[in-house]
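Put together the whole structure using the sequences plus the hints.
The listed protein sequences correspond, in order, to chains L and R.
For what it's worth, this note's numbering labels the leading residue of the first sequence as -1, then goes sequentially.
For what it's worth, this note's numbering labels the leading residue of the second sequence as 259, then goes sequentially.
In short, the hints are calculated from the structure, not lab data.
Remember, it's a predicted structure, so these values are computed and weren't measured experimentally.
Any given hint might turn out to be false.
Said to hold, decoys possible - For each label pair, taking beta carbons as the anchor points, the in silico distance ranges come out as:
id, chain 1, residue 1, chain 2, residue 2, range
1, R, E507, L, D360, 54 to 62 Å
2, R, D334, L, V162, 36 to 44 Å
3, L, G52, R, Y305, 58 to 66 Å
4, L, M64, R, A340, 27 to 35 Å
5, L, Q415, R, R376, 19 to 27 Å
6, L, I419, R, S489, 30 to 38 Å
7, R, L283, L, W220, 41 to 49 Å
8, L, L425, R, E341, 28 to 36 Å
9, R, V350, L, L425, 24 to 32 Å
10, L, P367, R, E341, 46 to 54 Å
11, R, E341, L, Y171, 30 to 38 Å
12, L, D465, R, S478, 55 to 63 Å
13, R, A340, L, Y171, 31 to 39 Å
14, L, Y171, R, Y305, 42 to 50 Å
In this text, a Cβ means the ideal position worked out from N, Cα and C, and glycines have one as well.
Here is what each chain is made of, one letter per residue.
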Amino acid sequence: MSTETPEVAQKLYATREPVFPKRVKGKFRQLKWWLMIFTLGVYYITPWIRWDRGPNMPDQAVLIDMAGRRFFMFWIEIWPHEFYFVAGLLIMAGLGLFLFTSALGRVWCGYACPQTVWVDLYVQVERWVEGDRNARIRLLNAKWDARKWRLRLTKWSAWLLIAVATGGAWVFYFADAPTLLVELLTGQAAFVAYAFIASLTATTFIFGGFMQEQICTYMCPWPRIQAAMMDEDTMTVSYRDWRGEPRAKLKESTADPSLGDCIDCNACVAVCPVGIDIREGQQLECITCALCIDACDEMMVKVGRPTGLIAYLTANDEPLERAGHPPRNLWKHLIRFRTIMYATLWAAVGVGLLVALFVRPDIEVNVSPIRNPVFVALSDGTIRNDYDLRILNKHGEERPFHITITSAATDADIGVQLQGIEGVIVLAPADDTYSQRVYLVAGPGDPAGSRNRTEVRIWIEDMTSGDRAFVDTIFNGKAP
Amino acid sequence: MARKPEKKKKVVETTGHEWDGITELNNPMPRWWLWTFYLTIIWGIGYVIAYPAWPLINGATPGLLGYSSRAEVAADIAAVNAENAPLNNRIVSLDLAAIAGDDEVGAYAVSAGGAVFRTFCIQCHGAGAAGVEGFYPNLRDDDWLWGGDIDAIYTTISHGIRADEDDDTRLSEMPVFGDDYLSHEEIDQAAQFVLSLSGRATDAALVAEGAVVFEDNCSSCHGEDGTGDISVGAPNLADALWLYGGDLETVTETITNSRGGVMPAWSTVGRLNEAQLRQVAVYVHELGGGE
Chain L
-1 MSTETPEVAQ
9 KLYATREPVF
19 PKRVKGKFRQ
29 LKWWLMIFTL
39 GVYYITPWIR
49 WDRGPNMPDQ
59 AVLIDMAGRR
69 FFMFWIEIWP
79 HEFYFVAGLL
89 IMAGLGLFLF
99 TSALGRVWCG
109 YACPQTVWVD
119 LYVQVERWVE
129 GDRNARIRLL
139 NAKWDARKWR
149 LRLTKWSAWL
159 LIAVATGGAW
169 VFYFADAPTL
179 LVELLTGQAA
189 FVAYAFIASL
199 TATTFIFGGF
209 MQEQICTYMC
219 PWPRIQAAMM
229 DEDTMTVSYR
239 DWRGEPRAKL
249 KESTADPSLG
259 DCIDCNACVA
269 VCPVGIDIRE
279 GQQLECITCA
289 LCIDACDEMM
299 VKVGRPTGLI
309 AYLTANDEPL
319 ERAGHPPRNL
329 WKHLIRFRTI
339 MYATLWAAVG
349 VGLLVALFVR
359 PDIEVNVSPI
369 RNPVFVALSD
379 GTIRNDYDLR
389 ILNKHGEERP
399 FHITITSAAT
409 DADIGVQLQG
419 IEGVIVLAPA
429 DDTYSQRVYL
439 VAGPGDPAGS
449 RNRTEVRIWI
459 EDMTSGDRAF
469 VDTIFNGKAP
Chain R
259 MARKPEKKKK
269 VVETTGHEWD
279 GITELNNPMP
289 RWWLWTFYLT
299 IIWGIGYVIA
309 YPAWPLINGA
319 TPGLLGYSSR
329 AEVAADIAAV
339 NAENAPLNNR
349 IVSLDLAAIA
359 GDDEVGAYAV
369 SAGGAVFRTF
379 CIQCHGAGAA
389 GVEGFYPNLR
399 DDDWLWGGDI
409 DAIYTTISHG
419 IRADEDDDTR
429 LSEMPVFGDD
439 YLSHEEIDQA
449 AQFVLSLSGR
459 ATDAALVAEG
469 AVVFEDNCSS
479 CHGEDGTGDI
489 SVGAPNLADA
499 LWLYGGDLET
509 VTETITNSRG
519 GVMPAWSTVG
529 RLNEAQLRQV
539 AVYVHELGGG
549 E
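Spelled out as structure tokens, the structure:
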């Protein structure tokens, strides 16, 4: 620490450098337009799809019913105790991301991440209102006159409308969409609905309109995690500097064949939504949206040079291509041990979930033995155990269930009684859990009444379909 | 990135303290910090005026807003009571036997009764209502000293058992037979006879003599067949359940020294109101032993 070091105040944060992505045409841009239409379409339209499940059930195809604790997805209905399906889907999502990341790098960031899709939409709106890159840069530096105010306010209003629609669509997943829409418009919806719309509107507006690439660079942990999953065979957007350098303007470059293919037109920089120069190599800001590939290819075609100066490449390609080999086949990068492993695991979890989905029962039974007291002795010497039986009726109609018990202990003869009901048949309501206090009784002199534990199995039989389910529990007697 | 060199180098005053060449700078506080500090002072003054703050001998200064956490709790409780008032009124207006099956208040009565039970009853009868052998009866079984239908349970809870404070309390007294009434031999005979009622006698000769002793001294309350009488709280001696124990030694002790449990009268001690009495009666009746 010498005293000559100039005392420069270290700033606590870097001010954002505004980014003005230029309009670009090409196959990747085309793909991104279609993906945007698809993903936004799925998001906005899904809650409005109807699905007939019968008279007692909601008719919304995708519904997360928090109050009723049910998750509906087309023909699938998930109860809270079946939440492992959601866990399984999350595991599949994780493995899917591993697969795509090891094969194609940050392809999620570049094409499918909601942040990318909404920013893409916001930038397009900005382009419609304020013009392309140069016009927007001029506007930024212009004085705040009437025109600038008009353009800015128009843009912000459009952004805000999109934000409200985004936040608004979210709440429709959690309630009957048409009913909720009417309630929202008439001011009768629950406060939580408005609160969610407000907060998601705010995040969409701020993240999509003002923070944009800062979210990816500074806030999102996913890019950092992804770096650990990429290897030398991962395809990522790269600049063939061995072909492009030394770069020079078109005139010099045409005159001198020793110069590279890059004509230093800056097209790749102008279209970049995160404001970097891909020619400087791999950078953590790069979301691999591939728009620079489109921009560069367009220029190369114009000046009559081969395309692919910027392209999807892997780290392994560089030394080979420098040595003069032709570009390697795409499939050699994609199909290798890691990707096959991830794909296999992903498919295995998927198949497991599908099997679980098809074999899961329509009726289930649970029991909570009342263990305070463990048994009740009655005046005639009968020993009684109390149980809370829960019958899960996943059918969309009320059904009668017959309750019986069996026991592996052949000497015991334990009977069933129901609290408040004559007989052993209960009516379980549609798509609900029915609770019933059940008494198991061992008569005077029954061996089950005079030993500590007798294993019993409580059966329920759906009297409509004949399906049966059981639950094992213990009968406690009064040991001498 | 190249940084622009600062134009003016600030000279910062030091406090004059120096250790090993490290000097203590006397930088001013950041402005935002200073303003926050002043704001907390202003806010603190406002708080002292508005809320209870200065401790006095019997409490604290009340503050202009008149806030009190005790009053807040009282208001919360009053709000809950007001909310439940229609349910409680309906419970009071219904027949006792009709409460549990009522669509509107049945489930409420049972769970509210459970809350009352957990507050006032479990000290003796236990959280599972199974009682304690030798002291407090099990409320889940079908053996009731004073009756197990809903009206009898309600009466027992309201007026208690042998409760001095209630004139309508359930009252009976078993004589202390060991105190000059019966000789030791007669007590042994009676005890054998009592055991014989549930088929557990060990001496047939004593049983035959005990039958006479029982007839003369016990049957007025326990009945000639020993099945008891709920109108005087005399337990059934012919069944399998014994509150104080059914072995020969305990039965002998019971005849010799008498028994008699007590229970508070919950309506007169002013603890439970009519709705609560009914709720807890329904809860006990639903435990599995209600008749």
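Against the structure, the hints come out as follows:
Range check, E507 (chain R) to D360 (chain L): Cβ separation about 58 Å, and the 54 to 62 Å hint holds. At roughly 37 Å, the beta carbons of D334 (chain R) and V162 (chain L) sit within the given window of 36 to 44 Å. For the pair G52 (chain L) and Y305 (chain R), the beta carbons lie near 59 Å from each other, so the given range of 58 to 66 Å is met. Restraint check, M64 (chain L) to A340 (chain R): a C-beta distance of roughly 29 Å satisfies the suggested window 27 to 35 Å.
Q415 (chain L) and R376 (chain R) have their C-beta atoms about 26 Å apart, which keeps the hinted 19 to 27 Å range intact. Distance hint for I419 (chain L) and S489 (chain R): a CB-CB separation of about 31 Å, consistent with the stated range 30 to 38 Å. Between L283 (chain R) and W220 (chain L) the Cβ separation comes to about 42 Å, which falls inside the hinted range of 41 to 49 Å. In this structure the hint that L425 (chain L) and E341 (chain R) lie 28 to 36 Å apart at CB holds, the actual value being about 31 Å.
Under the hint 24 to 32 Å, the C-beta atoms of V350 (chain R) and L425 (chain L), about 31 Å apart, fit the expected range. Take P367 (chain L) and E341 (chain R): their Cβ atoms lie about 34 Å apart, and the range 46 to 54 Å is violated. The supplied range of 30 to 38 Å is met by E341 (chain R) and Y171 (chain L), whose beta-carbon atoms lie about 32 Å from each other. For D465 (chain L) and S478 (chain R), the Cβ-Cβ distance of about 60 Å falls inside the hinted range of 55 to 63 Å, so the restraint holds.
For A340 (chain R) and Y171 (chain L), the hinted distance range of 31 to 39 Å is satisfied, since their beta carbons lie about 37 Å from each other. A hinted range of 42 to 50 Å holds for the C-beta pair Y171 (chain L) and Y305 (chain R), which are about 44 Å apart.
Going down the numbered hints, you'll see the structure goes against just number 10.
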